[in-house]
Amino acid sequence: MFAGTIGMIALTAASPASAQPDLAPKLVTIADFPGPGWESFDKGGPIGGRDDRDEPTDPPGCAFSVPANLTDAVGIWAFNTDTTSNVLVSLGYSDGTVLTQTRDWIQRCKTINLVGDKASGTATVHPLVLPAEVVNDGAAYAVSASMTFDSGNPVSLELTTYLVQIGNIGIAVTGMGDTTYPVDRRTLDLMLIRQIAKVTRR
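145 is the number that numbering that gives the first Met the number 0 gives to position 146 of the sequence shown; each next residue is one higher, with no gaps.
The hints are simulated quantities; they were obtained by calculation from the structure and are not laboratory data.
With a straight-line Cα cutoff of 25 Å, these simulated DMTMM-like cross-link-like pairs (lysine to aspartate or glutamate) come out: (1) Lys197 to Asp21; (2) Lys25 to Asp94; (3) Lys109 to Asp57; (4) Lys197 to Asp94; (5) Lys197 to Asp81; (6) Lys109 to Asp188; (7) Lys197 to Asp183; (8) Lys25 to Asp188; (9) Lys197 to Glu38; (10) Lys197 to Glu132; (11) Lys109 to Asp177; (12) Lys25 to Glu132; (13) Lys197 to Asp136; (14) Lys25 to Asp183; (15) Lys197 to Asp31; (16) Lys109 to Asp183; (17) Lys25 to Asp71; (18) Lys109 to Asp136; (19) Lys25 to Glu38; (20) Lys109 to Glu157; (21) Lys197 to Asp71; (22) Lys25 to Asp136.
Okay, the calculated beta carbon distance ranges per label pair: (23) Asn167 to Val128: 18 to 26 Å; (24) Asp21 to Pro153: 40 to 48 Å; (25) Pro126 to Thr178: 16 to 24 Å.
Note that beta-carbon positions come from the ideal geometry of N, C-alpha and C, so glycine has one too.
Produce the entire structure from the sequences given, and follow the hints as far as they go.
Here you go:
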């Protein structure tokens with residue numbers, strides 16, 4: 000499969016020794032989202048940084064492993080039945096380098112031609128604005144992509160990501176969708192705001 004499929008499928012399990020277990024209590028859980036709609040949360044656990052930086056792209060250096068790549072983070076998957084949104088929330092220690100790299104990637108990589116062994120296509124990157132309630136330093140972007148796999152089947156994908164820096168902690172919230180079930184930004188907004196509140200809670 001094309002490495003990363005817009006970056007998120009390439010998230011791999013990190014070894015427990017390399018992950019940051021002290022961040023796990025700061026990660027949102029189903030208890031932070033009372034009410035109907037939140038069908039399930041995967042148990043929070045370690046996730047590794049994506050490592051497909053050499054993935055061929057045009058322009059060069061625009062692989063989806065570059066933005067919002069929090070290494071040795073803890074993460075959790077959520078699904079909202081009301082909005083049909085799949086969301087990944089991850090926390091990782093960061094000195095701000097990831098945010099700088101993400102902003103540079105958004106600026107440089109407006110249109111990306113994807114070239115891989117098993118898939119090819121074109122992706123368009125759209126800068127976004129973080130929710131008005133968020134006063135922390137951060138970046139936001141959306142990606143729309145049309146890809147064709149070696150099976151010959153065309154696929155349209157959508158990805159929206161918020162990245163926020165709070166002290167030495169990076170928060171990434173990513174929603175995934177397609178033309179049938181588009182990303183619901185209201186769900187992403189809610190999850191980001193709740194996650195920021197949990198990180199900053201004393």
